[in-house]
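Heads up: the protein sequence lines correspond to chains A and B, in order.
Mapped onto our numbering, the consecutive letters of the first sequence carry residue numbers 6 to 224.
Mapped onto our numbering, the consecutive letters of the second sequence carry residue numbers 9 to 411.
Keep in mind the hints are simulated off the structure, nothing from the lab.
Quick caveat, the model's predicted, so the values are computed rather than measured.
Worth double-checking, as some hints may not be accurate.
Interface residues of chain A toward chain B, partial, derived using beta-carbon atoms under 8 Å [stated by the list, open to error]:
hint, residue
1, D75
2, I172
3, L174
4, L213
Idealized CB from N, CA, C, for every residue including glycine.
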Amino acid sequence: MKLATSAGFAPFQDRFTLPTPLTFVGDDAALVEALRAGHPGAAAKFYDRYAEHVRLTLRSILGPDEEIPDLLQEVFIRALARVRKLREVDRLSSWLTTMAVFVARAQIRIRSRRRWLRVFSPERTRPSQLEQPSSDARRALRELHAVLDRMPIDERTAFVLRYLHKITLLEAAEACETSLATFKRRLARGEARFREAVRDRPEFSQWLDEGTRWTEKKT
Amino acid sequence: MDRKEDLEATGARYRDLILQDPRAGDELRRGRAAFLEEVERQNAAASLRRPSARRHRRWLALFVPAAVAAGAAAFWGWPRPVSFQIGEARQGELGSIVQATDGETVPISFSEGSTLLLRQGGRIRVLSLAAGDTRVLVEDGVVDAVIAHRAGTKTRWDFEVGSYHVTVNGTKFRMAFRASERSLRVSTEEGSVTVAGGCLERAQTVSAGESLEPFCSSGEVPPPDDRPAIEAAPAAAARDVAPATRAARADRWRELLAAGRLLEGLRAAERANFEQVCRSATQKELMALADAGRFFGPSKRAVAALVALRERFPGSVAAGTAAFTLGRIVFENDHAYARAASWFETYMREQPSGPLMGDAFGRLMEARLRSGDTTGARASAEQYLRRFPGGPYAGEARGIMSR
């Protein structure tokens, strides 16, 4: 009897070969074509190229959420199913933002429903349970989430797309699937609400003004 | 905070905070695995076009009113009968032969989300689908399996492959079985499987990235690619072991390694003159000796076996793997980080598309950092994030980039 094992090593090369996914190389136009044609390496490349962008959109709208990996999957599966309908290939990034915004908003509705139903443990959706306040950065992030979490979905989304993603108002309106005028109204309300909320948090306001150092006010 | 510029600065900081979040790497990696798993499942059973269980649950939560959702939750929790479909339209029947002929690939889709792909003359029968316990008989050929695990549901998958028994602990693996030769190879891509029976003395777990290939032929004929190495044994050595009994004793290490008794094989090789053994051993035997040296010590035996492998089989895949392993040994045992970095670079140069590329990149980054080469570490981190943004070293890479 012979036994051969390889721990962490390449599979044996003799009689059988594991199919290795072909690596896709190309720009966005080629990537879209490859996705439409079902190129074996295109899906992975699509994800690798845009996952961070999509995650940024999801996290900025949702704050901390243990379902971010599932939501990433959701966005990319939706995109893959609709890639044949994509007309402006050079706007792949904005197109994905639209998908991410849609999925994030759906997730917010799911969260609201869960809270209302009390089906799930409240801890599961409480941001503070997911954050570990061990640094100024985390503390600031938590404050930001707290402020944004109190804003209506439409205003929050408008605010985040405009100031975090820095996309044009037109693109942002498109991502929200609304008119430019409506988007501007939402943004204006969001800005006002954000300023007001920050004013109520002097330490956070100071952090925003002065940099990364968090100063506790002694009373 | 009253000016637009202030809001823009806030947005920029918020963006940085999210990007630097230490959970980013883990979230991206898990999202990637879930996405690619779903893509593979959809490709395998394109005609079914059903959403994954995870997506299904999410849309239920969105649209179904509370009372119905509660009822549905109870319904989903209840064990339901599993069925399977062959190709695009044929309903599968228990016990019937399913075969891939003429080089075609036949997908078999199970209603609970798992998929089998029959390739290269693959022939199977589904024996049982009872109460979350699925048993499949693999009669011949290559079977790729992607097993779905639903949260909260206990499922068990067993494959009878010749005289072997493969139990599924994890999600994605391949079984290649040649009934005529009774040869089996199990390669796991994700998760793990347990292989027992046949000529295995005890059950073996095959984890992600590993392969197991037990040979049981009565004649103990080595695989064809091993023969040149055996013939290459020095003539002098052959003269030394002229008497049959001495020859048998001198080759004892070979039998022990072949039987998976690595420690005993290593000790026998030391008794038989380790340097000489390294000159006559096959690639697989040298790798087995290296494993034995790494696991049981001394590590200098592992180094000697790996160096011999690289000298005798330059340019081979095994030589590249040996370079990677040498890097690991030097890194972990000797803490010689600059030398380790050099070995990882060697692997990356020799096997640019090799399966250990991601690991080599990550380890190179770490070795450079520990050796004080911060510029090199930063360059590696940048390259790593570009190639493997959701990889296991992504968190560390981002940390290095943000320094």
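We went through each hint and held it up to the structure:
1. For D75/A, the suggested interface contact is upheld, since its CB lies about 6 Å from the closest CB of chain B, less than 8 Å.
2. Interface restraint check for I172/A: the shortest CB-CB distance to chain B comes to about 11 Å, outside 8 Å, so the restraint is violated.
3. Hint status for L174/A relative to chain B: violated, with the closest Cβ pair at about 12 Å, above 8 Å.
4. Taking 8 Å as the C-beta cut-off, the interface hint given for L213/A holds, the closest approach to chain B being about 5 Å.
The structure shown violates the earlier hints numbered 2, 3.
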